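S.K.: Listed below are the residues making up each chain.
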Amino acid sequence: MQGWTSAKTIERPKTRSTRWVTPAKVVVFLLALAPVAALVWRGLAGRLGANPIEAVTHATGDWTLRLLLVTLAVTPLREVLRLPELIRFRRMLGLFAFFYGCLHLLTYVWLDQFFDWGSIVKDVAKRPFITAGFAGFVLLVPLAVTSTAGWIRRLGGRRWRLLHRLIYGTAALGVVHYWWLVKSDIRMPALYGAILTLLLAYRVVRR
Amino acid sequence: MLIRRPPPIRYSEVAPKSVYLNRRRFLAAAGLGALLPASAATKLEGIRKSPLSTTGEKVTPYEVTTTYNNFYEFGTDKAQPSKLAKDFRTRPWTITVEGAAAKPRTFDIDEVLKLAPPEERVYRMRCVEGWSIVVPWIGFPLKALLDRVEPTSKAQYVAFQTFYDRNQMPQGRFAGINLPYVEGLRMDEAMHPLAILSVGIYGEVLPNQNGAPVRLVVPWKYGFKSIKSIVRIRLVEKRPPTTWNISNPQEYGFYSNVNPQVDHPRWSQAKERRLGEFFKRETLMFNGYGEQVARLYAGLDLRKNY
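If you're matching them up, the sequences are chains A and B in order.
The first sequence begins at 1 in our numbering and counts up by one.
The second sequence begins at 1001 in our numbering and counts up by one.
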């Protein structure tokens, strides 16, 4: 295990087995695929409601944000629960956040705008909420690219870790993107914002 | 404890279908078909098709119009109102028409339904959020009600108010906007023949989530101007406050005429998605009703007066 990819290495009690990790990863992998499977199922069954494109846009956006928060919860959870093995789920969760982010962007570019590049460029430049969402996505791209063991080696642990702090920016931009989108009922973006604040505060306090 | 349950109502005690259908036929024959309250009938009768209907548009499916609603008193999610407004009580119901009028008074809903012969008006409805539908509304010109109270020369604007009851509308607390919902029109807009009070859609009594028992429909303005479940109408001298303008004055103006050239600060208004269609379509100036209403705004800078 590459303990140096996380800020803090935790001593694991020697006696405990870690054999549960691999099957658990399979379960988490399938769970993370469930939202997209549900969308495809609802789409085929014609159960996406009156505005299917909006339903897909919202679902993929929601899951991007949720998986970003789950990814950010890995470090606090492994320390609080004393389960250092949780680090082995982090890359997969982060990549799933990226996967849903890609679907979200693709939904916007393809289904919503239908490749109307003029209108897309105008949106990204002029609409603060789209600017924020797009910026968040852009920050996520280098993280997805450098998620492999090879890239960790090439960059070196310190620089790799520094680079991967960009996820804080992505998550914050994701919350802002959602907050600026809603018209008046801010309960959901406020909830995501509160969870993100807690997860980031943990990192500050822990030092 | 012994609980004595009343015996269930037997089918034999319920009016047979032939009898209640005859009752309706009787009322329809008496020209009262459209007056049946929601509890007695959902089908409206004696409706004539209006020549002011929009033609050449495919009517949006009933399912869509009645399950995709912005009615924040019943939740901010569009699927919520159709579920949470099911038990909303629309009887008894009164509409108070007051202010600058010679004969201000309160109307019972059943009287409002009799004010003018019901007509079917097919209109495009464009939401400020960028989607649109085509709805066969049933109603009559707002003017018919306003004329009853004889507005005075001081009546420059009309202010509308939606019913609000925290008990029946518990989701209202989370709406993020001030409730009760209020809207307003300039007097000439309110008296325009295209501005109607609607009491039904698709030949049926207006479903609760669509603004029962009576709502405004102003087809050349963004949907939020078409205030639902009206209980109060006030004729006033000064421009009345309107809910979304109070909530966010940079984004929602008093006029809120559909205008593809003036973007919402957060999104373009140039195009819209007609629900049920894949490709977006161009949004029309005044939602396509410019020929009838553009003269109301002659000389008005529509960029400033959005």
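Source of the hints: derived by calculation from the structure; they are not laboratory data.
A quick note: this is a predicted structure, and the numbers were derived from the prediction, not measured.
Heads up, a few of these hints could be off.
Distance condition first, Cα-Cα at most 27 Å in a straight line; then the derived DSSO-like pairs of lysine-lysine [unchecked claim]: (1) B/1143 with A/122; (2) A/183 with B/1271; (3) A/122 with B/1304; (4) A/183 with B/1114; (5) B/1086 with A/126; (6) B/1083 with A/183; (7) A/183 with B/1143; (8) A/126 with B/1083.
Here are the simulated distance ranges between beta carbons [what the hints assert, rightly or not]: (9) A/119 with B/1241: 43 to 51 Å; (10) B/1164 with A/38: 33 to 41 Å; (11) B/1251 with A/194: 38 to 46 Å; (12) A/155 with B/1164: 55 to 63 Å; (13) A/106 with B/1246: 51 to 59 Å; (14) A/186 with B/1241: 46 to 54 Å.
We treat Cβ as the ideally placed atom computed from N, Cα and C, and that holds for glycine.
S.K.: Now tell me, hint by hint, if it's right for this structure.
M.R.: Okay, the hints, checked on the actual structure:
no.: 1; hint: B/1143 with A/122; in the structure: 42 Å, violated
no.: 2; hint: A/183 with B/1271; in the structure: 19 Å, holds
no.: 3; hint: A/122 with B/1304; in the structure: 22 Å, holds
no.: 4; hint: A/183 with B/1114; in the structure: 37 Å, violated
no.: 5; hint: B/1086 with A/126; in the structure: 41 Å, violated
no.: 6; hint: B/1083 with A/183; in the structure: 21 Å, holds
no.: 7; hint: A/183 with B/1143; in the structure: 32 Å, violated
no.: 8; hint: A/126 with B/1083; in the structure: 37 Å, violated
no.: 9; hint: A/119 with B/1241: 43 to 51 Å; in the structure: 34 Å, violated
no.: 10; hint: B/1164 with A/38: 33 to 41 Å; in the structure: 36 Å, holds
no.: 11; hint: B/1251 with A/194: 38 to 46 Å; in the structure: 25 Å, violated
no.: 12; hint: A/155 with B/1164: 55 to 63 Å; in the structure: 58 Å, holds
no.: 13; hint: A/106 with B/1246: 51 to 59 Å; in the structure: 38 Å, violated
no.: 14; hint: A/186 with B/1241: 46 to 54 Å; in the structure: 22 Å, violated
Of the numbered hints given earlier, the model fails hints 1, 4, 5, 7, 8, 9, 11, 13, 14; all others are met.
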